[in-house]
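*Asks:* What follows is each chain in one-letter form.
Protein chains: 2
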Amino acid sequence: MGDSMVHFGIIGAAKIAQKISRAIALTPNATLLAVGSRSIEKALKFASNNGLSSEVKIYGSYEAVLDDPDIDVIYIPLPTSLHLRWAVLAAEKKKHVLLEKPAALNVVELDMILEACKANEVQFMDGTMWMHNPRTAKMKEFLCDAKMFGQLKSVHSIYTFGVESNFLESDIRTKPDLDGFGALGDIGWYCIRSILFAADFNLPKKVIAFPNPVLNESGVILSCGCSLFWDDGKLATFYCSFLENMTQNMTVIGTNGTLHLTDFVIPYTEKEVCFSTNSKYESTSSEPLPNNHTIPTDLPQEVHMVMEFSRLVKQIKENGSEPEEKWPAMSRKTQLVLDAVKASLDQGSEVVEVGTV
Amino acid sequence: MGDSMVHFGIIGAAKIAQKISRAIALTPNATLLAVGSRSIEKALKFASNNGLSSEVKIYGSYEAVLDDPDIDVIYIPLPTSLHLRWAVLAAEKKKHVLLEKPAALNVVELDMILEACKANEVQFMDGTMWMHNPRTAKMKEFLCDAKMFGQLKSVHSIYTFGVESNFLESDIRTKPDLDGFGALGDIGWYCIRSILFAADFNLPKKVIAFPNPVLNESGVILSCGCSLFWDDGKLATFYCSFLENMTQNMTVIGTNGTLHLTDFVIPYTEKEVCFSTNSKYESTSSEPLPNNHTIPTDLPQEVHMVMEFSRLVKQIKENGSEPEEKWPAMSRKTQLVLDAVKASLDQGSEVVEVGTV
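Here the protein sequences line up with chains A and B, keeping their order. Note that UniProt numbering has the first sequence beginning at 1, numbered continuously upward. Note that UniProt numbering has the second sequence beginning at 1, numbered continuously upward.
The following block holds chain A by itself, in its conformation from the complex:
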C-alpha cells in the first residue's frame, strides 16, 4: 500500500462538519483538500472558524468540490432531503461518499445512492461514529461470548437531549422539508443502529411505535419511541427525544449476561471509554457488582471513522479492491427499520413489518 494521502472534500458548512474537519486533520492518512458551501463567504467563514490551513481550497458551490479532480472523498453533512441528489452526483463523479445520518428520506432513495456508489465502484459509509470507537469491538466480543453473555433476549436504547428553544425554531432537524424524521432520524438512528448491532444485524420482523409521539407544529417528530420484535422472541425498545436531558443508555440482555453503558453515542471522554457487563458466570459472591471495562482511546471515535474510511479508499485506489459492502449494508438495514418506525408512527402505532414500506 502506498503512502499517498486520501483527499477529502466537504460540501456544506454544518456544525457536524467541524467535527469531521478536525477528525480529518487528526487522521494520518487523510487530508482535507476543499470545503464548499452555497456561497464563498460561508465557506470562508467555515475555514476561518475551524482554523483550516490556507492550503484548503475554498469553493462557493457544492458542484465545484465535486468537480475537483484531486478529491477522493466527499463528506456530505447536508440536510437529509439533499442526500439523494448530492450523494448520487458525488458517486457519478467517482468520489467515495461519507454521508451523514439519517442516510436518506427512505430506503428507495438510499438504494438509488447505493446503486450509484456500486455502479461507480466507490465506497459508501454513513457517519455513525460510535460504530468505529474501539469500545464497540470490545462490546461485540462480550456479546459473542456464548457462555458469559449467552443468547440475546432484549435490547433497550435511550438517546435524549434537551435542545434550546432556538433549535426548535430554526434547526434543520425540525424542518419537515429538510429533515422530515426529526428526532427519529437524528438520534433515533443511533438507537436503531445499537439494536441492530446487538442483534448482529438480523432485522426485526416488525415494529410498533409508542403512541403519542411529540410533534412540532410542522409535524416533525420531537420525541418518540418504539418496540421491535423478532420471530424468535427477541425484543427491543428505544426512545429518543429532543426535549429531555442528555441520556444515552444502551442495555443489551442475554440469557447469561448483560451489557450496559450510558454514553453509547458520544463518550463522556475522549481519553478512555467504558462499558459494564455482568454475567451469571462472573458473579461468585452474593454481591454481584458489575464488571467495568475501561478502554484507553488514543483518538476520538470520529478519527477512527475517517481512518477506516480512508483505509478502504486507499485499498480501492491503490490495490484495485472492491468497496467494502458491510458499511452500506448496515446503513440500509438501519434505514429499513427507520422507515418502518416512521410508518408505524404515521399510522397511529399500527404494527408495521420491516421491509414492507
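Because the hints were derived from the structure by calculation, they are not lab data. Please read these numbers as outputs of a predicted model, since none were measured by experiment.
List of simulated lysine-lysine pairs, DSBU-like, C-alpha gap at most 35 Å: (1) Lys19/B <-> Lys147/A; (2) Lys280/B <-> Lys140/A; (3) Lys280/B <-> Lys15/A; (4) Lys175/A <-> Lys280/B; (5) Lys138/A <-> Lys15/A; (6) Lys15/B <-> Lys147/A; (7) Lys147/B <-> Lys271/A; (8) Lys175/A <-> Lys93/A; (9) Lys280/A <-> Lys138/B; (10) Lys205/A <-> Lys205/B.
Assemble chain B onto chain A, guided by the hints.
*Replies:* Then chain B, alone, in the frame of chain A:
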C-alpha cells in the same frame, strides 16, 4: 413512646420469609414471636433452617398464628391468590398486615383487604423493600429539584432475571392458580412502583402492553413489557422477564437532569448503595461525567421496612394514632396500573385506561 417490642408472626414458609425473619431479628423494636405453616413439620423446618430462637412459637396452621393474642403484625408471604383470605382474616383479628407483593389478584380484592384494615384500624403495607432503602429518599430529593432535575419527562425501568428450569416447572410464580400475574406481578410490580415513585404517584392515564409477551404452557407471563402515558405528555416504559440475565435498571429523565441506577430492586451490596445523576446544570466541562452518589447503609433495606412498619404499629398501639394512609395508597395505585397492564396484555395490547378494569 414506650420501649415495648412489636411482635411479628409469619404465616407461610416461603423463601422470602427467610429474608423478613432475618430483618425482624435485626430490627431493634421488633421481634419474631411465631411462625405458622400448613404443617408443624414445615414450620419446624423453617425455624431450624433460619436458626430461629427456641422462644419463637411454632404453629402447624395459619389460623393458630392469627389467634395468638400476643402477636401484633402478620407478615404474609403466601401466593397471591391466598392474599384476600388471609389478609382480611388477619385484619379482622386486629393484626397489622405486612403483605408480600403483588398485593392482590386485582384491585377489587385489594380494596376488600384495605377496607378490612381500615375497619379494624390496623396498618397495611406491601413488601416493596426498596421503597425503604435510605437511597430512595435521596433519589427523591434529586427528582424534586426543580433546577437540577427539572420537570419529569420519562421513566424507563427494566427488571429481569434468569430462573432455573425447575423454577419454571414448580415455582408458585409460574402457576396460574397461585400467582396469575407471573413475572408481571413478581417483578413488573417493582417496575410499576418505580415509575409511580418517579411520577410522584400521579397515575398514568393509559397503558399499552408490548405485543408478544412470553407465556408458559399455562398462560402465565414469563416476559412482558408496557408503555404508559400521562395526559401531560409524560411517558414511561418497563420490561420484565424471568428468562434473561439479572438486570435492574431505572432511568428517570427530566428536562434538566437524569437519574440512573442499575440495582434499584436489590442493591449490589448491603453496606453502601449508589445512584448516579447528571444535570445540564452540573456539567461545566465538555466531558460531562455523571455524578455518582454513594450512601452508606447501616442496615439492609428490608430492615428499614420492618423498622418503619414497627414504628407505625407502635404509634397506633401506644399513642392511638391513625394508620398511615400513604402505604396502602401506594399499593392501591401500583395494583391499578398492574391490573391495566394485565388487561392490555389479555386484550392483545389494546389501549387500556388505568382505573377502568
